[in-house]
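Construct the complete structure from the given sequences, taking the supplied hints into account.
The primary structure of each chain is shown beneath.
Number of protein chains: 2
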Amino acid sequence: MARTLHFLLGAFSTLLLLRPLPSVAAIAPGLSQGPFARVFYPNHLPTPGDTLGFPTAWTHAYANPRHNAAFPLTAHTPAWLKTGVRWRYAEARAWPLSRHKPYGANVYGERLALATMTQFYGNALGVSAVDGIIYAESDDEFAYAVNARTGKLIWRTSPVGNTFMGDPLVVGNTVYLSVGNIGFNFSNVQRYSQKTAARGAGVSYNGIYALNRINGKLLWHFGTMGATMPTPAIDHNRLFIATGSGDIYAINATTGRQVWIKRVGGIANMSDPAVYHGHVYLAMAVVPYVYCLSAQTGHIVWRGVVPDATKTGLGDVSPAVADGVVVMDAVANVPSHGGRTTMTTVVRAYNAEDGHVLWTHTMGLGPKPPAFKGGVPMIHKGIVYIGTPVNNIYQAFHLHSGQRLWTWHIPHAGAAGAGRSPPTYDDGHLFIATGARVFVLNPHTGQLVGQKYLGGRFGLVNPVIVGGTLYLANSWDWLEAVPVSAIIDHRPKHRQLSP
Amino acid sequence: MARTLHFLLGAFSTLLLLRPLPSVAAIAPGLSQGPFARVFYPNHLPTPGDTLGFPTAWTHAYANPRHNAAFPLTAHTPAWLKTGVRWRYAEARAWPLSRHKPYGANVYGERLALATMTQFYGNALGVSAVDGIIYAESDDEFAYAVNARTGKLIWRTSPVGNTFMGDPLVVGNTVYLSVGNIGFNFSNVQRYSQKTAARGAGVSYNGIYALNRINGKLLWHFGTMGATMPTPAIDHNRLFIATGSGDIYAINATTGRQVWIKRVGGIANMSDPAVYHGHVYLAMAVVPYVYCLSAQTGHIVWRGVVPDATKTGLGDVSPAVADGVVVMDAVANVPSHGGRTTMTTVVRAYNAEDGHVLWTHTMGLGPKPPAFKGGVPMIHKGIVYIGTPVNNIYQAFHLHSGQRLWTWHIPHAGAAGAGRSPPTYDDGHLFIATGARVFVLNPHTGQLVGQKYLGGRFGLVNPVIVGGTLYLANSWDWLEAVPVSAIIDHRPKHRQLSP
Chain A
32 MARTLHFLLG AFSTLLLLRP LPSVAAIAPG LSQGPFARVF YPNHLPTPGD
82 TLGFPTAWTH AYANPRHNAA FPLTAHTPAW LKTGVRWRYA EARAWPLSRH
132 KPYGANVYGE RLALATMTQF YGNALGVSAV DGIIYAESDD EFAYAVNART
182 GKLIWRTSPV GNTFMGDPLV VGNTVYLSVG NIGFNFSNVQ RYSQKTAARG
232 AGVSYNGIYA LNRINGKLLW HFGTMGATMP TPAIDHNRLF IATGSGDIYA
282 INATTGRQVW IKRVGGIANM SDPAVYHGHV YLAMAVVPYV YCLSAQTGHI
332 VWRGVVPDAT KTGLGDVSPA VADGVVVMDA VANVPSHGGR TTMTTVVRAY
382 NAEDGHVLWT HTMGLGPKPP AFKGGVPMIH KGIVYIGTPV NNIYQAFHLH
432 SGQRLWTWHI PHAGAAGAGR SPPTYDDGHL FIATGARVFV LNPHTGQLVG
482 QKYLGGRFGL VNPVIVGGTL YLANSWDWLE AVPVSAIIDH RPKHRQLSP
Chain B
32 MARTLHFLLG AFSTLLLLRP LPSVAAIAPG LSQGPFARVF YPNHLPTPGD
82 TLGFPTAWTH AYANPRHNAA FPLTAHTPAW LKTGVRWRYA EARAWPLSRH
132 KPYGANVYGE RLALATMTQF YGNALGVSAV DGIIYAESDD EFAYAVNART
182 GKLIWRTSPV GNTFMGDPLV VGNTVYLSVG NIGFNFSNVQ RYSQKTAARG
232 AGVSYNGIYA LNRINGKLLW HFGTMGATMP TPAIDHNRLF IATGSGDIYA
282 INATTGRQVW IKRVGGIANM SDPAVYHGHV YLAMAVVPYV YCLSAQTGHI
332 VWRGVVPDAT KTGLGDVSPA VADGVVVMDA VANVPSHGGR TTMTTVVRAY
382 NAEDGHVLWT HTMGLGPKPP AFKGGVPMIH KGIVYIGTPV NNIYQAFHLH
432 SGQRLWTWHI PHAGAAGAGR SPPTYDDGHL FIATGARVFV LNPHTGQLVG
482 QKYLGGRFGL VNPVIVGGTL YLANSWDWLE AVPVSAIIDH RPKHRQLSP
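First to last, the sequence lines map onto chains A and B.
The opening residue of the first sequence carries number 32 in this note's numbering; numbering runs sequentially from there.
The opening residue of the second sequence carries number 32 in this note's numbering; numbering runs sequentially from there.
Just to be clear, a hint being listed does not mean it is correct.
Here are the simulated DSS-like cross-link-like pairs (lysine-lysine), alpha carbons at most 27 Å apart as the crow flies [said to hold, decoys possible]:
{"no.": "1", "chain 1": "B", "residue 1": "Lys248", "chain 2": "A", "residue 2": "Lys132"}
{"no.": "2", "chain 1": "B", "residue 1": "Lys399", "chain 2": "A", "residue 2": "Lys226"}
{"no.": "3", "chain 1": "A", "residue 1": "Lys248", "chain 2": "B", "residue 2": "Lys132"}
{"no.": "4", "chain 1": "B", "residue 1": "Lys248", "chain 2": "A", "residue 2": "Lys342"}
Computed Cβ-Cβ distance ranges for the label pairs, DEER-style [claimed, not checked]:
{"no.": "5", "chain 1": "B", "residue 1": "Asn137", "chain 2": "A", "residue 2": "His330", "range": "53 to 61 Å"}
{"no.": "6", "chain 1": "A", "residue 1": "Glu141", "chain 2": "B", "residue 2": "Lys226", "range": "25 to 33 Å"}
{"no.": "7", "chain 1": "A", "residue 1": "Gly355", "chain 2": "B", "residue 2": "Ser218", "range": "31 to 39 Å"}
{"no.": "8", "chain 1": "A", "residue 1": "Ile292", "chain 2": "B", "residue 2": "Arg119", "range": "39 to 47 Å"}
{"no.": "9", "chain 1": "B", "residue 1": "Asn382", "chain 2": "A", "residue 2": "Pro398", "range": "50 to 58 Å"}
{"no.": "10", "chain 1": "A", "residue 1": "Ser129", "chain 2": "B", "residue 2": "Ser218", "range": "28 to 36 Å"}
Covered stretches of chain A, going by a simulated chain B footprint (3 or more residues, C-beta under 8 Å) [unchecked claim]:
{"no.": "11", "region": "117-128"}
{"no.": "12", "region": "145-154"}
{"no.": "13", "region": "159-169"}
{"no.": "14", "region": "284-295"}
{"no.": "15", "region": "326-340"}
Hints listed in this document are in silico derivations from the structure and should not be mistaken for laboratory results.
Heads up, the beta-carbon is just placed ideally off N, CA and C, and yes, glycines get one too.
Shown next, in the form of structure tokens:
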């Protein structure tokens, strides 16, 4: 009955939307009625008490330039958030979590079908958690706001017919979505040999869509020629955006007006900009460089390389920045061993100010992984944690010396490989969402201390830990909350380890 | 009030769908609940009397191998269909018809944005009309069944997260949808220089989705590696399918099981197969040939070329077949005139049995048009009618002799060019949907005898004429019915000629 009531409330919200809304219809197709129309359930908004203990803004992919999305207990954390809550929310293309194989595996093979789920059906990145609300972008063409305590939908909207592959940014009253998919149209396929191909140009519409964060209403959009697959970064009321046409923009976060544009060339894949001490850090593919730009002017301060990086590797990975050091990695080519393609992952640290190389390491050999070619690094208190799908491992390095501390081999890595997502450090534990599981390691030794099978598959999903709850999104198109205690204390039974 | 009632009926149908439907959820993500869930309004089905006068099946894109979608009055045609009805149905990404410019024109420019609307937002092809129901595929990720008399929605479904660019086929109790979009993933971009690039592989999911034609329920799907942008053809309970990976399939139309596969190479863009006297005709791009295959075995009977055709032109156009003649055309390269890219359109007729070239003509010079590079030919009683966006004209040729009969220049062709869609011959008039208008010509002279501004833009949309009603779909994501009399008798006022 409660379900019916909620649904009918929803129906009446929709009824209101059936009236023509010329101002909205005038800025984007499909918003005024029909299946893509925004829905809003104000009765599912968090109570004022339930917003406590959460961050009040979300300025970067993976929360911050370090990529550590942990928000420990405070004096204000409510009891439910301390204990942890458990819920699941099925997004629009939800594939049953009981399904171990991706949709389409019989045609594409499991390896390609896994990448396709991450790129076209589910959540490529994890969630954002702000003031008691979980925000998520999905490749299903919708963005979602869900009550962090109850898992109930607050709003859902689809301001453009394309995949949302990022992490929603939230500042003030606004949510920012990034829009773009992996496809190239035929004219750009033809341009690839000249290194001028733009990803996403003419493949639906790209750019940034700014919404009211309470009700999901579209405020404005900033269109770009190339795909805006990376999540922008926001600092001092400016959004920094990287696109598939090799353009970097700074726009005013309030008005959406362009402040500067820098055409560096190449292709932004999933390399999310990071802003640190007045500089913007990001990487491009095809014309493969790591860039440091002035946030003020867009001028290039320095640019660096990762030796032998594959064409896409460098543009995939988001640099992590902390303590004056930028850490970057990419899957790299290794001279052929008897005709078989062998790869490694090269990780490199640069002085953030001038790009001077501090250290470089390789992470071991393996076959070429499909899709995303690297692992997103995370930095916590002078240690870098980084994975790779080449040989399905995570490693830890001293940030300043580059000393390797440990190597951990991911069990059940799956057909497309695991190890792409950044870990989260929280209260003496390292949490890693990869494959169909969340693993808990001892961050000092790399020893496995806990794990839980949750189903689906995690793409570039970092565990977002607020108080005692861990929030996740996956490629099967689900959002999920799990008590931290349920993962740390979990003793897996045999059947939960399979498949 | 009627609107509210209908909506509430809709809400209750949706309520029923909120119950888990494991059998459906198990075959495709997103079908059991949420915005992509199928909706079905049985009260909007046509009455038995309203099904009369319509075709009882739809076996080819544009209705038949001739591409003439006219179904004249019969003794059974009901009065409403004779007089003609008028309605509009807003699909899921409907852009206001009062908008003269496409969405995104300020970023892409009008030329690219027009193509993007056709390829990602609205209906690329026209509708299918069977037994009182209008069926349509849209790039908005939905297929629709609408009551042909009232314009009310019967069902809407989204069995896969991709664009539907074809014309729904309807045979017996089944509707067949073709699935695939124009994008290439990065691995296939890299393969293009080896001529082995597959369009659509790893770009969401491709293939054929078979639905119950009364309620839209998914019956089965046949997945393909490459995009299935072309509409298949159906004959003797076999579907003939061409894909972006250069594969041609015959599958059993009842079970979805493969009968044969022929890998010819190249890329199928929008060239829809035609079945005629036991042969399958279609064309491929990049490795550019027109093929005639045995419908029984898939063996190549003959293959032909169009001289100097652009890389995509040949794979775009659907051959028309009648009276033992195959007609094909493509935008073709012309030796450079002082550095400017100049194009022409080459049209060629082949003996359907052996591929012997009967005649070849060029259709005049012009600049390179964006996107679809050719015009879909239509054959009626020994005359071929064919357009081209190179110089925005239609021409008529004698089918057997190739004699050119007339040339008509399209007014208001727009930034992306006009002339891609096949005309429809009905009762002594030639109807052409191109740009934002339907034009009526004297088929013997090419003289303009009527026109009507309807708004939006017509892509590869042929007017489907049943009795006295003309059914259309457009790139602004609308379905529309207009009385034939309203177009023939229309005397345009000045404001209706602009823009």
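So, going through the hints one by one against the coordinates:
Taken as a hint, the Lys248 of chain B and Lys132 of chain A pair is honoured in the structure, with Cα atoms around 23 Å apart against an allowance of 27 Å. Taking the CA atoms of Lys399 of chain B and Lys226 of chain A, the gap is about 22 Å. The hint holds against a cut of 27 Å. With a C-alpha separation of about 23 Å, the suggested pair Lys248 of chain A and Lys132 of chain B falls inside the 27 Å cut-off, and the hint holds. Using a Cα cut-off of 27 Å, the hinted pair Lys248 of chain B and Lys342 of chain A is violated, with the two alpha carbons roughly 43 Å apart.
A hinted range of 53 to 61 Å for the beta carbons of Asn137 of chain B and His330 of chain A is inconsistent with their spacing of about 27 Å. Remark: the range hint 25 to 33 Å for Glu141 of chain A to Lys226 of chain B is upheld by a beta-carbon distance near 28 Å. Between Gly355 of chain A and Ser218 of chain B the C-beta distance comes to about 37 Å, which sits within the given range of 31 to 39 Å. Between Ile292 of chain A and Arg119 of chain B, the C-beta spacing of about 40 Å keeps the proposed range 39 to 47 Å intact.
Taking 50 to 58 Å as the suggested C-beta distance range, the pair Asn382 of chain B and Pro398 of chain A conforms, at roughly 51 Å. For the pair Ser129 of chain A and Ser218 of chain B, the supplied restraint of 28 to 36 Å holds, since their beta-carbon distance comes to about 31 Å. As drawn, the region 117-128 of chain A meets chain B at 7 residues by the rule of a beta-carbon pair under 8 Å; at three or more, the given contact holds. Here's how the region 145-154 of chain A fares: 5 of its residues keep a CB closer than 8 Å to some CB of chain B, so the rule of at least three is met and the hint holds.
As drawn, the region 159-169 of chain A meets chain B at 0 residues by the rule of a beta-carbon pair under 8 Å; below three, the given contact is violated. Here's how the region 284-295 of chain A fares: 0 of its residues keep a CB closer than 8 Å to some CB of chain B, so the rule of at least three is not met and the hint is violated. As drawn, the region 326-340 of chain A meets chain B at 0 residues by the rule of a beta-carbon pair under 8 Å; below three, the given contact is violated.
Checked against the numbered hints above, the structure violates hints 4, 5, 13, 14, 15; every other hint is satisfied.
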